[in-house]
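*Asks:* As given, the protein sequences belong to chains A and B, one line each in that order.
All residue numbers for the first sequence refer to the numbering used here, where the first residue is 1 and numbers rise by one.
All residue numbers for the second sequence refer to the numbering used here, where the first residue is 312 and numbers rise by one.
Hints in this document: simulated from the structure, not taken from any laboratory.
Given the structure is predicted, the values throughout are model-derived calculations rather than measurements.
You may find that some hints are simply not true.
[To be verified] Cβ-to-Cβ under 8 Å is the rule here; a few derived chain A residues that face chain B:
id, residue
1, Q208
2, R211
3, L215
4, G217
5, L218
6, R221
7, A235
8, T302
[Stated by the list, open to error] A short list of chain B residues far from chain A (calculated; beta carbon distances all over 10 Å):
id, residue
9, Y372
10, R400
11, R403
12, G404
13, A408
14, Y411
15, P420
16, S421
17, E430
18, V431
From the three backbone atoms N, C-alpha and C, an ideal C-beta is built for every residue, glycine too.
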Amino acid sequence: MVTLVVKRIGFMIFTMIVVSLILFLLLETKLTGDPATRVLGQFSNEEQREIWREQHGYNQPVALRYVKWLGNFATGELGESIRFKGPVADVMFPRLWNTAILGFVTFAIMIPLSLTLGVLSGMKEGSMLDRTISVFGIITTSVPEFASAVMFSALFVFSLKWLPGTSSMSGGFEFKQLILPAMVLIVYDFGYVARMTRASMAEVMTSQYIRTAVLKGLPYRSVIVKHALRNALIAPFTVIMLQINWLLSGVIVVEFFFAYKGFGALILEASLNNDIALLEACAMVAVCVAVTTQTIADIGYTFLNPRIRFS
Amino acid sequence: MNKDQAPVLVCKDLCISYYTRAGEIPAVVDFSLTVKPGETIGIVGESGCGKSTVAMAIMQYMGANGGIKSGSITFKGRDLTQLSESELRSIRGAEIAMIYQEPFASLNPSLKIKTQLMEVPLAHENISKDEARQRAMQMLSDVNLPDPERMMESYPHQLSGGQQQRVVIAMGLLSNPSLLLLDEPTTALDVTVEAGIVKLVADISKKFGTSQIYISHNLGLILETCDRVFVMYSGEVVEEGTIDSLFTWPKHPYTHGLFACIPLPTADKNAAPLKPIRGQLPLPFERPQGCYYHPRCDHFKTGLCDLERFKMVHVENSAADHRVRCLRYKEIDHHREVPGGEAKEAIELGKRVLKVSGMKKYYEVRDSSLRALFAGKRIRQVKANEELNFTAREGETVAIVGESGCGKSTFAKVLMGLETSTEGEVRHNGKEISEVAVRDRSAKQISSLQMVFQNPFDTLNPSHSIGGQISRVIKKFGVETDKKKIFDRVMSLLDTVKLPRDFYFRKPRQLSGGQKQRIGIARAFAGNPSMVIADEPVSALDVSVAAAVTELLMDIQREHKTTLLFISHDLSVVRYLSDRIVVMYLGHILERGTTEDIFAPPYHPYTEALLSAVPIADPEVTKREIVLEGNLPSAMKPPKGCPFCTRCHRRIGDICDNDLPPEQFVVDRHIIKCHIPLEELCLVLPVITVPDVSERLHVELRE
């Protein structure tokens, strides 16, 4: 087990370094165009660019620059954003926090809901309840976010006038503004996780050890809670961990639609404006989160599954 | 057994059906059974006869589409079919417990043994956790598991198959049930492990007074464990009686047919070969009128057997409660018939086809743990085959016998070229083949050395027709090139394996297990091989089907003078069909010789134990009981000395632990690898004693 954790963490760090190298080569070297041109614009002249390069240390050897660049990242020195005219950290972290709030609310509702319904559905495969949940899950998942965002807005903002149509939080944090974006995300992701859980639960319920448990004379509750759930939740766990990635950078549409000042919207803005320092920072954060959740998923999977843990 | 005691379980006129889209499928019809306290009942029959359905019905665990159509199941005076779910729960596990066929699948993989055991008394009795723990520990030592403390903290996958089954048995016994259902409890286990479980099951009924229903397809096991036996065919009981009565004087033609299908010690491949039952088991919705067995019965009489269904009748002149479902049982004198099928000619052995000398196969296994990294022992060797020496001649059948993990399949892989050997040589028709991988062999070489695989269900490509698959082999081997000739060759192969010619166009899913295995044999013989390796070719098949396939294989061998290398763990089949036997254990050959040599003293102690472990379905054959303790050691950490020393019942001292035993020549080509002096081994009594025909019980009765 210790070996595995050490190995996984080692692999995680290795992945991050590789990604940082690729990022550096793509954005900070001439491999894909002159960074000076990218920052100063195509109408700058060679003299201006040379001054900029000198100022920002771009004339140093590439290897040295990479080490320095990586060091800056590690110490939180993320550079200046051109678009927002200030340190990247000051722009990025509040945005990251906003997305974290949105993600947390989405998860807090979506996970218990989809796990419960998935388990209920898989418990009695083919039952009325199972079919209802399955069909509902397919429908919600097959409607893309931009479509459901429009529909929910039409319903709750324009017809019923219950909720605000934008979530820019310009007058400070307001929970009411969070409801619509969270709702769109929950509805979209719910079906996926619920159906994964259902499939896993249904498979476990047909297994021989569930038959053993029933024929031991255990109460039905105990069969489900003690014997089935433990095994049925192993597969959905990994899927849920992967949803964190999606919530971080895959929610651009929703954030943009509701004008929510989140991380996804920031990435969009950064790339539209060639804000290299910001883009680099955002990319590194996204990679860190992706690799970390993956590692947690792997270790957690091993932990939940004794067949892997003790072999 | 006390006759006055109230019966534990009474099934009366039970009819069980499954309801599918195709309509109602009667799985079991007209089933009646009475179990008295402390009695062990055996239910025997081939797959699809409804024996497991009966067990599930007693448990009232039928699934959504199964149901009891009529009849009753009375357990201690209560009709189980009428009970509510919560009443059933108080009976399941507490009063009736069940042991399953696959112990690994029946244990929850993510819960400790401790949890799974303790919850049984906790659910049924009002006791504390400590008490439950004590009980579980006690039960684990009662089922002879070593180190119960450690077992309690283990997960199922950390135990061997035999240990898992003992845990399942312990689980079943924990709340002291009055009835134990055992559904093929040893089918998934090795022979010596099976012998241990069978002994345990027999001890349980003595120790705890538990009544048992033992379901099996193996008549030998039923004989060893049960008091009374029910023979089922196609959903109904065709004969029932005490073990002595039914095994000595079977009345129903089907029971007879079954006995003729199993290789008893009296069977002989040349003088008294097996006699398979003709035809096939009818599907539940295609059962014939009248007696279900009549289309396959040799004693069928038109206008009598095919009219209407009839009840079980008590056999006249039998003291025991022996009943049979046959109208003509009095007229049929089974003993007048020749036992077994028609005698066949023995094959003459020809030149030497295979010579294995000093063949070794080591695998390298990478150990990725941190400890191994620090100790510098990252690569460990698994010695799958250690110094194999033997020969086989043309037309000869050589059997390689051993339990799982003994290296017999590795050896087959080296022969086939799927692996290459580490050392030594294997010569086939004089050519070295052990170092030549299969893709470097010529088509001729490949076609002359073919294999029949264990599991016929997975070896045929499901999306190609039978004809296509065999034609392809013929083309690849270059036997024929012309399309017409290939077609003719496929037809003659289908004739050889006794399948109808229109099977050419069929897909594998339309075939039964036995038919698939016949196709497997046809495929192997497509290129006229000089040697065929058969890896447990009949172990996945039913008794009567296995007999037919075995006989087919022998017939083809006779015709083509093929050398057959028969890999098996079943010594009764091996004794029946092989000329020479090689006994393997942990990669070593412990004994080899002719079949007579192996089955008579002197034995290697392991051979002795193997022989004792074989269940024999003949009540008049006596066996010495030798039950091996412990598990097969891991191939990663084999014992330093004799590979068998950890489990040997004749261990003589430290020499066994420390030194590899020498090869002792008994006679020419009979070799025993053991430290015990040959003179001493010669004094060992025979394990199996078969009475002479004239001493047999049924002979006396007839006179």
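*Asks:* It remains to establish, for every hint, whether it holds in the given structure.
*Replies:* Status of each hint after checking the structure:
1. Q208: 4 Å, holds
2. R211: Check passed: Cβ of A:R211 comes within 7 Å of chain B, closer than 8 Å.
3. L215: 5 Å, holds
4. G217: OK, holds: A:G217 within 8 Å of chain B, min 3 Å.
5. L218: 5 Å, holds
6. R221: Where the cut-off is 8 Å and the nearest Cβ of chain B is about 11 Å from A:R221, the hint is violated.
7. A235: Violated: closest Cβ of chain B sits about 13 Å from A:A235, beyond 8 Å.
8. T302: 12 Å, violated
9. Y372: Label violated. Min Cβ-Cβ 6 Å, cutoff 10 Å.
10. R400: It is violated; B:R400 is separated from chain A by about 5 Å at its closest Cβ, not greater than 10 Å.
11. R403: About 4 Å separates B:R403 from the closest Cβ of chain A, which leaves it inside 10 Å; violated.
12. G404: Violated: least Cβ distance 3 Å, not greater than 10 Å.
13. A408: Answer for B:A408: violated, closest chain A Cβ roughly 8 Å.
14. Y411: 6 Å, violated
15. P420: 6 Å, violated
16. S421: Given that some Cβ of chain A is not farther than 10 Å from that of B:S421, nearest at about 5 Å, it is violated.
17. E430: 6 Å, violated
18. V431: 5 Å, violated
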